[in-house]
Amino acid sequence: MRCLVIHFNSPLTLSLALLSGWGMIGLSGLARPMSIAFVGRTLFPLGALIGAALAAVSIAGLGQPAEQLVLPIGLPNLPCHLRLDGLSGVFLILLGAASAGISIFAAGYFRRGEGTAPGLLCLQYHLFLASMGFVLLADDAYAFMLAWETMALSSYFLVTTQHRIPEIRQAGFLYLLMAHLGAIAILLSFGVLQGGSWHFTFDAMRAAHLTPGWATAAFCLALVGFGAKAGLVPLHVWLPEAHPAAPSPVSALMSGVMLKTALYGMIRVSFDLLGQPIWWWGLLPLSLGLFSALYGVVFAAAQTDMKRLLAYSSIENVGILFTGLGLAIVFAGVDMRAAAALTLIAVIYHAVNHALMKSLLFLGTGAVLHATGERNLGHLGGLIHRMPWVAWLTLIGVLAIAGLPPLNGFVSEWLLLQSFLFSYKVPHPFINMLLPLGAALLALAAALAGYVMVKFFGVIFLGQPRDPTLQRAHDAGFAQRLGLAWLALGCVLLGFLPTTVISMFSTVTEQLKLGGLPTSEAPWWLLVPIPERQSSYAPLVFFAVIVLVVVLAIVNVRFFYHQRIRKGAAWDCGFGGLNSRMQDTAEGFGQPIRHLFQPLFAIVRELPSPFDRTPKYRLEIGDRIWRTLYQPLGPLVRQLADKVAWLQQGRIATYLLYSFATLVVLLALML
Amino acid sequence: MSVFDWVVQLMGIALAVAAAPLFLGWVNQCRAWLQNKSAPSILLPYRGIRKLFHKDAVIAENASRLFRLAPYVVFGAMVTAAAVIPSIATRLPITQAADAIALVGLLATARVFLSLAAMDVGTAFGTLGARREMMIGFLAEPALLVVIFVVSLTCATTALPMIAERLSAQAFVLNPSLAFTAVAFTMVLLAENARIPVDNPATHLELTMIHEALLLEYSARHLALMEWASALKLFNYACIGFAVFVPWGIATSHAPWSLLGAAAMLGMKLLVFGAGLALVETLSAKLRVFRAPEFLATAFLFAVLGLLVRLLLGAGT
Chain A
1 MRCLVIHFNS
11 PLTLSLALLS
21 GWGMIGLSGL
31 ARPMSIAFVG
41 RTLFPLGALI
51 GAALAAVSIA
61 GLGQPAEQLV
71 LPIGLPNLPC
81 HLRLDGLSGV
91 FLILLGAASA
101 GISIFAAGYF
111 RRGEGTAPGL
121 LCLQYHLFLA
131 SMGFVLLADD
141 AYAFMLAWET
151 MALSSYFLVT
161 TQHRIPEIRQ
171 AGFLYLLMAH
181 LGAIAILLSF
191 GVLQGGSWHF
201 TFDAMRAAHL
211 TPGWATAAFC
221 LALVGFGAKA
231 GLVPLHVWLP
241 EAHPAAPSPV
251 SALMSGVMLK
261 TALYGMIRVS
271 FDLLGQPIWW
281 WGLLPLSLGL
291 FSALYGVVFA
301 AAQTDMKRLL
311 AYSSIENVGI
321 LFTGLGLAIV
331 FAGVDMRAAA
341 ALTLIAVIYH
351 AVNHALMKSL
361 LFLGTGAVLH
371 ATGERNLGHL
381 GGLIHRMPWV
391 AWLTLIGVLA
401 IAGLPPLNGF
411 VSEWLLLQSF
421 LFSYKVPHPF
431 INMLLPLGAA
441 LLALAAALAG
451 YVMVKFFGVI
461 FLGQPRDPTL
471 QRAHDAGFAQ
481 RLGLAWLALG
491 CVLLGFLPTT
501 VISMFSTVTE
511 QLKLGGLPTS
521 EAPWWLLVPI
531 PERQSSYAPL
541 VFFAVIVLVV
551 VLAIVNVRFF
561 YHQRIRKGAA
571 WDCGFGGLNS
581 RMQDTAEGFG
591 QPIRHLFQPL
601 FAIVRELPSP
611 FDRTPKYRLE
621 IGDRIWRTLY
631 QPLGPLVRQL
641 ADKVAWLQQG
651 RIATYLLYSF
661 ATLVVLLALM
671 L
Chain B
672 MSVFDWVVQL
682 MGIALAVAAA
692 PLFLGWVNQC
702 RAWLQNKSAP
712 SILLPYRGIR
722 KLFHKDAVIA
732 ENASRLFRLA
742 PYVVFGAMVT
752 AAAVIPSIAT
762 RLPITQAADA
772 IALVGLLATA
782 RVFLSLAAMD
792 VGTAFGTLGA
802 RREMMIGFLA
812 EPALLVVIFV
822 VSLTCATTAL
832 PMIAERLSAQ
842 AFVLNPSLAF
852 TAVAFTMVLL
862 AENARIPVDN
872 PATHLELTMI
882 HEALLLEYSA
892 RHLALMEWAS
902 ALKLFNYACI
912 GFAVFVPWGI
922 ATSHAPWSLL
932 GAAAMLGMKL
942 LVFGAGLALV
952 ETLSAKLRVF
962 RAPEFLATAF
972 LFAVLGLLVR
982 LLLGAGT
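In order, the protein sequences belong to chains A and B.
Under our numbering, the residues of the first sequence are numbered 1 to 671, in order.
Under our numbering, the residues of the second sequence are numbered 672 to 988, in order.
To be clear, the hints were calculated from the coordinates, so they are not data collected in a lab.
Think of the CB as a built atom: it goes at the ideal place given N, C-alpha and C, for glycine as much as any other residue.
It is possible that part of the hints are untrue.
Claimed, not checked - To spell it out: a stretch of chain B is covered by chain A in this simulated footprint if at least three of its residues, at any positions, have a beta carbon under 8 Å from a beta carbon of chain A; those stretches are: (1) 748 to 756; (2) 780 to 791; (3) 808 to 817; (4) 825 to 838; (5) 859 to 865; (6) 926 to 940; (7) 969 to 979.
Said to hold, decoys possible - Each computed DSSO-like pair below joins lysine-lysine, with the alpha-carbon atoms no more than 27 Å apart: (8) A:Lys-567 <-> B:Lys-940; (9) B:Lys-940 <-> B:Lys-957; (10) B:Lys-708 <-> B:Lys-722; (11) A:Lys-425 <-> A:Lys-567; (12) B:Lys-726 <-> B:Lys-940; (13) A:Lys-567 <-> B:Lys-708.
Said to hold, decoys possible - Label pairs and their computed distance ranges (CB to CB): (14) A:Arg-41 <-> B:Thr-879: 52 to 62 Å; (15) A:Pro-531 <-> B:Gly-938: 18 to 28 Å; (16) B:Met-682 <-> A:Ser-580: 12 to 22 Å.
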C-alpha cells in the first residue's frame with residue numbers, strides 16, 4: 001500500500017483543503033444556528049470565496065498529469081483513494097465557478113421564516129457542495145458511493161427545507177426514492193466492473209478485463225444509475241417535482257451542478273473504467289438523450305410554474321449532454337478518435353455552459369420569487385421596470401440557453417452539430433444514415449428552447465404586470481446582484497473565448513486516450529475545430545460587427561434625423577381599453593406547442609358552457625410517462641407487500657428463527 | 672487579408688443594405704403586375720423608409736429599453752448576416768467569423784429580439800404575434816439547418832463561401848438531394864420572410880398577422896429600421912439560396928472585372944427570383960395559422976429526405 005505523502009501545493013491537496021474548508025464552514029453554521037446575519041453575511045460569502053478558489057486551483061492544475069492520494073480513512077483494507085485528473089479537474093472548475101455565484105446569491109437570499117434553521121441549512125448546503133467535490137475526486141468505489149450518498153441525502157434535506165408543506169415532503173420523498181434506485185444501479189455497476197478481482201479501487205477496475213457481456217451489463221447499470229440522477233427520460237419524474245420545491249439557490253445547485261456529477265460518472269465509467277467502449281452502447285444514451293431533449297423542451301413550453309419550466313428545460317439539456325455522450329461513445333467504439341474527442345469536448349463544454357446559465361436562470365427566478373412571492377407565470381409580468389438588474393442579467397442567461405450567438409450556449413451546440421456531421425463516416429451501414437438525423441432532432445430541440453425562453457422571459461419580465469401587487473416588487477439586493485452578475489459574466493466569457501476554453505478541455509480527452517484536437521494555425525479569436533473542414537466561428541468578430549452596426553445605426557439616425565420621442569398610451573390598433581388580462585398567459589403562449597405535440601401530453605380540460613353563471617376554465621397537463629409507467633407501480637407494490645405480509649408474524653421468536661435460517665443458508669453457501 | 676479585401680467586403684455590405692429595399696420594391700411590382708394592378712414605383716420602399724425616419728417616434732408609456740434597443744439589434748444582426756453571406760465574392764475577411772450554422776443562429780437572435788420587443792408593451796396583438804413568430808421560427812430553423820447539413824455533407828464544410836466555391840466548381844449535374852433541399856429551402860424562405868402562403872405582407876387584418884403584428888407598436892425610425900431589416904432579411908435569404916443552389920457567377924478572385932460580373936449576375940438572379948417569388952405568392956392562398964406548422968413540417972421532411980438521399984448516394988469526401 002502506498003503511504004501517505006502530501007505535497008502542499010499540489011492541486012489535489014489544495015482542492016482537498018478547500019473541500020474540507022466547505023465542511024468547516026458548514027459546521028460553524030451550527031455555532032449560531034438561528035442567526036441569519038452570521039450565516040448569511042459571513043459563512044455564505046466565505047463559501048463563495050472557496051468556490052472561486054477551487055475554480056482557480058483547478059484551472060491552474062488542468063494541464064498536469066493525474067495525481068493520486070491515499071487517505072488512511074475508511075474501511076479496513078480499503079483506505080480512501082483520491083485522484084485528480086483532467087476530467088475531475090474540469091468538473092471541479094464547473095463546481096467551483098457555479099457555486100461561487102450561487103453562494104454569494106444565497107448570502108442575500110435566505111430569510112427568517114418557517115422551515116429549516118439557517119445554521120442547519122448552512123451545514124446541509126456546504127456538505128452538499130463538499131460531497132459533490134468528493135464525488136469528483138473519489139478513486140475507489142467505496143469513497144465514490146459514500147460521497148454520492150452524502151450528496152443525495154444532503155440535497156434531500158435541502159429540498160425539504162420548507163418541510164411543513166405536504167407537497168414539498170412528497171417531492172422530497174420521490175427524489176430520495178429515485179436517488180436510491182439510481183445508487184443501487186451504480187453500486188451493482190461497480191460490482192460488475194471489478195471483474196472478479198474483488199478490489200474496488202478504480203485502478204483495479206481499469207486493469208480488469210471484462211468479457212463484452214459483463215462490460216455491457218456494467219455500462220447499462222451505470223446508464224440507469226447515472227441516468228436517474230441526471231433526469232434522463234423515463235427516469236426524470238423526480239426532477240420537475242424536486243426543483244420547484246427546493247429554495248432557488250438549491251435548485252440552481254442541483255440543476256446546475258449535481259446533474260453534471262451524473263454526467264461525470266457516466267464519462268468516467270464509459271471512457272476510463274471500461275477502457276475501450278463498444279460502439280453500439282452509444283446508441284442507448286444517444287436515443288434516450290434525443291428523446292429527453294425533445295420531451296423536456298416540449299413540456300417546458302407547456303409549463304405555467306417558472307421553476308417547473310426551468311426543471312423541464314434541464315431535462316432537455318441533460319438530453320443534449322447524453323446525446324453527445326452517446327455519439328462520442330459511438331465514435332470511440334469505431335476508433336474515430338478525433339471525432340470522439342471533439343464530441344466529448346462539446347459535451348463537457350455544454351455541461352459547463354449549462355451549469356452557469358441554468359444557475360443564473362434559477363437564481364433569477366429566486367429573486368423574482370422573493371420580490372413578488374409568486375411562482376406562477378400567470379401572476380407575473382412587466383418586472384423589467386421594477387427589477388431592471390435581475391431582468392437584464394437574466395436576459396443574458398435566456399439568450400445563452402436559447403443557443404444564440406455570440407453567447408456560450410451556441411458554441412457548444414455548434415460543436416455538437418459539427419461533430420454530428422462526421423457521423424456518416426461510422427462504418428456500420430444503416431446506422432451511419434440514422435445518426436445524421438440525430439442532428440436534425442437536436443436542431444429541433446435547440447430551436448424549441450428558443451421558444452421556451454422567449455416565453456419564460458417575456459411572460460415574467462415584459463408586458464404589463466398581471467397582478468396589481470407586482471407594483472410593490474423591488475430589485476434584488478447587492479449580494480444577489482453580484483451572484484447573478486458573476487454567472488452572467490461566465491456565460492459571456494465562455495461564449496467569447498471558445499478557443500481558450502477548448503484548448504483547456506482538450507487535456508481531458510488526451511488523458512482519456514482519445515487524443516486532443518488537431519492543431520490549427522488559426523489566430524486565438526477564431527475557432528476552427530477541424531482544420532480540413534474550414535468551418536470557423538469567431539464570436540468576438542461577430543459581436544464586434546453587430547455592436548459596430550448598432551452604434552453606427554444609432555449615430556446615423558441621430559445625426560441625419562432627430563431623436564424626438566413622444567410617450568403615449570399603447571396604440572394597440574386603436575382598440576382602447578387595454579388591460580393586462582389581454583396579454584397572452586403562460587398557457588396561451590404555450591398553446592401552439594400543446595396543439596402540435598398533443599400525443600405527448602395527458603391533458604385534462606374543463607371548458608365552461610355558455611350558460612355557466614361562474615365560468616371556469618381549467619387545464620391540467622400531465623406527464624404521460626408518469627401515468628403509464630409510474631402510477632401503476634403503487635398498487636403493484638402494495639399487492640406484493642400484502643403477499644409478503646404473512647412473514648411478519650409479530651413474535652420475536654419467529655424473527656429470530658428467520659435470522660437463524662438465513663445464517664444457516666449463508667454458511668452452507670460459503671463453506 | 673489586404674486592404675482591398677476589406678474594401679470589397681464593405682462594398683458588399685453596402686450593396687446589400689442599399690439594394691434590399693429595391694429588391695422588395697421589385698417583388699411588389701411583379702406581384703402587382705401579376706394581379707392586374709397598376710404597380711407602385713420600384714422605389715416605394717425607400718420613400719417609406721425616408722418618410723418614417725422623418726417622423727417623431729411615439730412610444731408606449733410602459734415600453735422598456737429593450738423595446739427601443741430591439742430595432743437596432745435586429746438591423747445589426749441582418750447587416751452582419753449580409754456581411755457573412757457570400758453574395759458577390761467569396762474569401763472576404765468577415766465571412767470566416769461565422770459559418771452557415773452560426774448564420775442560422777444569427778437569424779434566430781434577430782427573431783428572439785423581435786419577439787421579445789413585441790411582448791414588451793403587453794398588447795394582445797403583440798404577444799399573439801410573438802407566439803406565432805416563434806412557432807414559425809422553431810419549425811423553420813431546424814429545416815434550414817438540415818438543408819445546410821445536406822449541403823455540408825456534399826462539400827465537407829459548413830462555411831458558406833467554401834460551399835459556394837466548391838459547388839460552382841462542379842459541373843452542372845442534377846443532384847437529387849439538392850433538389851429536395853431546394854424545395855425545403857424555398858418553403859422556409861417563404862415562411863421566414865412572412866410571405867404568402869404562411870403570412871401576408873400586405874395584410875391589414877390584425878388577427879391573421881404574424882410579422883406585422885410584431886411591429887404594431889413601432890413607429891417612425893424604429894419602424895423604419897425594422898422594415899429595412901425585414902427587406903434585408905429577404906435579400907439575405909435570397910443570397911443564401913443563390914450561394915447554395917445556383918452559385919455560378921460568384922467571384923472567387925477579387926479582380927475588379929470579375930466583381931463587376933458577379934454583381935451583374937447577382938442582379939440577374941434577383942430579378943428572376945423576385946419574379947418567381949411574386950408568381951408563387953400570386954398562385955397560392957394564405958394558409959390558416961394552424962396549417963402553417965404542417966407547411967413547415969413538410970419543409971422539414973423534404974430537407975430530411977434530401978439528407979437521406981444524400982447519405983444513400985454516399986456523402987462527400
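Okay, the hints, checked on the actual structure:
Residue count for the segment 748 to 756 of chain B with a Cβ under 8 Å from a Cβ of chain A: 4. That meets the three needed, and the coverage hint holds. Counting residues of the segment 780 to 791 of chain B whose C-beta sits closer than 8 Å to any C-beta of chain A gives 7, which meets the bar of three, so the coverage hint holds. A stretch counts as covered by a chain when three or more of its residues have a beta carbon under 8 Å from one of that chain; for the segment 808 to 817 of chain B and chain A the count is 7, and the coverage holds. Counting residues of the segment 825 to 838 of chain B whose C-beta sits closer than 8 Å to any C-beta of chain A gives 5, which meets the bar of three, so the coverage hint holds.
Coverage of the segment 859 to 865 of chain B by chain A is violated. Counting CB-CB distances below 8 Å, 0 residues qualify, and the rule asks for three or more. Residues of the segment 926 to 940 of chain B with a Cβ under 8 Å from some Cβ of chain A number 0, which does not satisfy the need for three, so the listed coverage is violated. Coverage of a stretch by a chain is defined here by at least three residues with a beta carbon nearer than 8 Å to that chain's beta carbons; for the segment 969 to 979 of chain B and chain A the count is 5, and the condition holds. About 44 Å separates the Cα atoms of Lys-567 (chain A) and Lys-940 (chain B), which puts this hinted pair outside 27 Å; it is violated.
For a cut-off of 27 Å, the pair hint linking Lys-940 (chain B) to Lys-957 (chain B) stands: about 26 Å separates their Cα positions. In summary, the hint linking Lys-708 (chain B) to Lys-722 (chain B) is supported, as the alpha carbons are separated by about 24 Å, within the 27 Å threshold. Between Lys-425 (chain A) and Lys-567 (chain A), the direct Cα distance comes to roughly 60 Å. Violation of the 27 Å bound is thereby established for this hinted pair. A hinted pair counts as satisfied when its Cα atoms are at most 27 Å apart, and Lys-726 (chain B) with Lys-940 (chain B) does not qualify at roughly 35 Å.
Simply put, Lys-567 (chain A) and Lys-708 (chain B) have alpha-carbon atoms about 39 Å apart, too far for the 27 Å limit, and the pair is violated. The supplied range of 52 to 62 Å is met by Arg-41 (chain A) and Thr-879 (chain B), whose beta-carbon atoms lie about 57 Å from each other. Against the hinted window of 18 to 28 Å, the Cβ-Cβ separation of Pro-531 (chain A) and Gly-938 (chain B) comes to about 36 Å, which falls outside the hint. Against the hinted window of 12 to 22 Å, the Cβ-Cβ separation of Met-682 (chain B) and Ser-580 (chain A) comes to about 49 Å, which falls outside the hint.
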